[in-house]
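Undergrad: Each chain is listed here by its residues.
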Amino acid sequence: MTPFALKNALNNVRATTPLVHNITNYVTVNDCANALLAIGASPIMSHEPADVRDIQTICGGLTLNIGTLDERSIAGMFAAGERAGELGHPIVLDPVGVGASALRTKTAGDLLDRLSVSVIRGNMSEVKALAGGAASTRGVDVCPDDAVTEGNLSASAAFARAFAAKTSAVVAITGAIDIVADAERAFAIRNGSALMGRITGAGCMLSCLCTAFAVANPDALLESQVAAVAGMGLAGQVAEERMGGLDGNGSFRTYLLDALFNLGGDALEAGALVEELA
Amino acid sequence: MTPFALKNALNNVRATTPLVHNITNYVTVNDCANALLAIGASPIMSHEPADVRDIQTICGGLTLNIGTLDERSIAGMFAAGERAGELGHPIVLDPVGVGASALRTKTAGDLLDRLSVSVIRGNMSEVKALAGGAASTRGVDVCPDDAVTEGNLSASAAFARAFAAKTSAVVAITGAIDIVADAERAFAIRNGSALMGRITGAGCMLSCLCTAFAVANPDALLESQVAAVAGMGLAGQVAEERMGGLDGNGSFRTYLLDALFNLGGDALEAGALVEELA
Amino acid sequence: MTPFALKNALNNVRATTPLVHNITNYVTVNDCANALLAIGASPIMSHEPADVRDIQTICGGLTLNIGTLDERSIAGMFAAGERAGELGHPIVLDPVGVGASALRTKTAGDLLDRLSVSVIRGNMSEVKALAGGAASTRGVDVCPDDAVTEGNLSASAAFARAFAAKTSAVVAITGAIDIVADAERAFAIRNGSALMGRITGAGCMLSCLCTAFAVANPDALLESQVAAVAGMGLAGQVAEERMGGLDGNGSFRTYLLDALFNLGGDALEAGALVEELA
Chain A
1 MTPFALKNAL NNVRATTPLV HNITNYVTVN DCANALLAIG ASPIMSHEPA DVRDIQTICG
61 GLTLNIGTLD ERSIAGMFAA GERAGELGHP IVLDPVGVGA SALRTKTAGD LLDRLSVSVI
121 RGNMSEVKAL AGGAASTRGV DVCPDDAVTE GNLSASAAFA RAFAAKTSAV VAITGAIDIV
181 ADAERAFAIR NGSALMGRIT GAGCMLSCLC TAFAVANPDA LLESQVAAVA GMGLAGQVAE
241 ERMGGLDGNG SFRTYLLDAL FNLGGDALEA GALVEELA
Chain B
1 MTPFALKNAL NNVRATTPLV HNITNYVTVN DCANALLAIG ASPIMSHEPA DVRDIQTICG
61 GLTLNIGTLD ERSIAGMFAA GERAGELGHP IVLDPVGVGA SALRTKTAGD LLDRLSVSVI
121 RGNMSEVKAL AGGAASTRGV DVCPDDAVTE GNLSASAAFA RAFAAKTSAV VAITGAIDIV
181 ADAERAFAIR NGSALMGRIT GAGCMLSCLC TAFAVANPDA LLESQVAAVA GMGLAGQVAE
241 ERMGGLDGNG SFRTYLLDAL FNLGGDALEA GALVEELA
Chain C
1 MTPFALKNAL NNVRATTPLV HNITNYVTVN DCANALLAIG ASPIMSHEPA DVRDIQTICG
61 GLTLNIGTLD ERSIAGMFAA GERAGELGHP IVLDPVGVGA SALRTKTAGD LLDRLSVSVI
121 RGNMSEVKAL AGGAASTRGV DVCPDDAVTE GNLSASAAFA RAFAAKTSAV VAITGAIDIV
181 ADAERAFAIR NGSALMGRIT GAGCMLSCLC TAFAVANPDA LLESQVAAVA GMGLAGQVAE
241 ERMGGLDGNG SFRTYLLDAL FNLGGDALEA GALVEELA
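Residue numbers (the UniProt record's numbering), protein chains in the order written: chain A, 1 to 278; chain B, 1 to 278; chain C, 1 to 278.
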């Protein structure tokens, strides 16, 4: 990507150590914090409605992940999101499992409607459910029928652009092929590893990285999200290459964090498999 | 075990990718999710009462673990459990720390009374407390006096069978020697590693695996639970064999997940140390 | 340190397996549990107000960490802390992010005022905020201006002693140089690794270890806290030495737990870099 290089997006994260406020699920929250530290950002978690405004005030951006939403954390998401809006901070929405329950569908829809969301990051089933275009879901996993393939890439990109236009957000749809789009442009990213689907949290971690990249690159939101998605995918590839015969998803999780930790701007620029779609 | 082979139970999990809904403690929830992914299942966590019925509806079974219970998650457990009952989905109850507090004792008892629990998985102190036969407890660990030994194996199996008869559930009591029983039959399983007691979550992970095995083997509940318990123990042995001189419980945790990830049906069949008790 | 040797403090933990009740954040709670197991203690987590009195009753001490406080866990902290006070159990307070929000500042202050806190463990920004002497904070990280250095060591120690005198607690301020002080004496500890700041939870884990050491060494509180802080730092050094070229913070986290697991009394005595300050 030129003129804005992907490596700049990563280097800006490492140079500025953005503070990222995350209201996220308790399943993968530790990995989210360590992923942010690995990439050079600083994580803070706070969901209590009485706490989140102050915390958001000292941070640069907000991640909202509904993976284990409850009444209290939902209230915290709206309170934090409103404060982020007042301050012009980017908000990344990860609608985990939207479509799998009425509460998740309503909550994700309301967050999108009432807050100033900068980035939507999910799998295709989740993003379709959020867009109201599909009711199919297999819990927190993508439905096979929804997967982005070479065959439906053009149509998928058109969907992403249209949803980006409707929501005024960057839309990042991740899977075997990732799509990152705003209303005008769409990119396909072919980094990644199938093993990322065999650990919990690869998507959650990425959403937090998306926030860090958005905070550190205020003048290049779309490009920053391409960099975050490609960087996560590239880290997955590095982690997979490191797997030995006795290793499984326990080791892969560790290697993935290690790869994020060691990811440099030049390696990202060289390894990113990014194609701008017509 | 014949005619139903243990390997079938595992192969059925890997072939069907059961969706497992877990309401579990926040201490070990990440390990639980990764253990389910390692064994070939797909985890979903949701505790919010307004969310759990929908989530249970799309899943095949339910794990209830009271390790860090609170007012809200308790309500979620009952709501999810009632829905599981309506749908005929298996419920695995892990009564963590029952006997250590009045709330845990009452909650576990009520869950057992009011829900259709298919499997009870705990250490002997917990299962005794749940059965009302012992008040002794050492927090979340087994009391030394309660441990299953070769000397009390026959009496322990009789207790397990009687409690299974009373509750109409399979009872899985894990420790140095594991016992899995229904009202008719009891098995001793001698797989495992002492290091499993030096990490948090070995029991919690197993309970989630028990749910996955129950979902994937609807016609062989008892045998499926023997397979889950033996499989977890065998993974512990594989993990222990991999330990190097600098390794500790951090590495053991990773190796345990790796071993679950790589566990095959034939290896389980060959390595399971299962004895049917008279 | 003589006559009480640091190694005794550690050996007492391993010999007595203290049960430690922790009300802590959900970000690092798994690492906290595994760190306690690594050092030879036994962790229990419980935050529900209706559960905590019973749980504290069977434990030896209490860790209070406000990292992801909410209305319910705050109520649990006071209830558990009151019970600990009735029983004479040590309480370790980790005021994560105090100063970063009004709720955190008020909660940490109230816990300190209303409970019988034995140990306060935080970074210098947090401890200053708790002492009311500074409002500066950078989320959960220390402000660069607040860091303990060789240049301000004497003044830092004087501050720690004065705050210890005011609160009747041992004050443990951790950073590149750690300070542990009561009203009379102060120690500088120069163990540790910069990588401890690149994982989440090093401080949280240490606070839990502080509780275990306090429980196991009732007649040597100050010395026990020096041992806990030096032990954690030494484990960080061992972990750092183990880092290979592909390793990052994922592996470091694992190595840190491993190093705690393998830490022996003699190694602690030999490796501790402890200086009593005038």
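Worth flagging that the hints you see were computed from the coordinates, not collected in a lab.
Ideal Cβ positions, reconstructed from N, Cα and C, are used throughout, including at glycine.
It is possible that part of the hints are untrue.
What the hints assert, rightly or not - Chain B regions said to be covered by chain C (calculated; three or more residues, Cβ under 8 Å):
(1) 146–157
(2) 199–209
Stated by the list, open to error - Per the computed footprint, the stretches of chain A lying under chain C, defined by three or more beta-carbons under 8 Å from a beta-carbon of chain C, are:
(3) 24–30
(4) 64–71
(5) 184–197
(6) 209–219
To be verified - If we take Cβ atoms under 10 Å as the criterion, some of the chain B residues that face chain C in the derived model are:
(7) N11
(8) Y26
(9) I74
(10) A75
(11) S101
(12) L115
(13) S116
(14) D182
(15) E184
(16) S193
Undergrad: Checking against the hints above, which ones are violated?
TA: Those not satisfied are hints 1, 4, 5, 6, 7, 10, 12, 13, 14, 15, 16.
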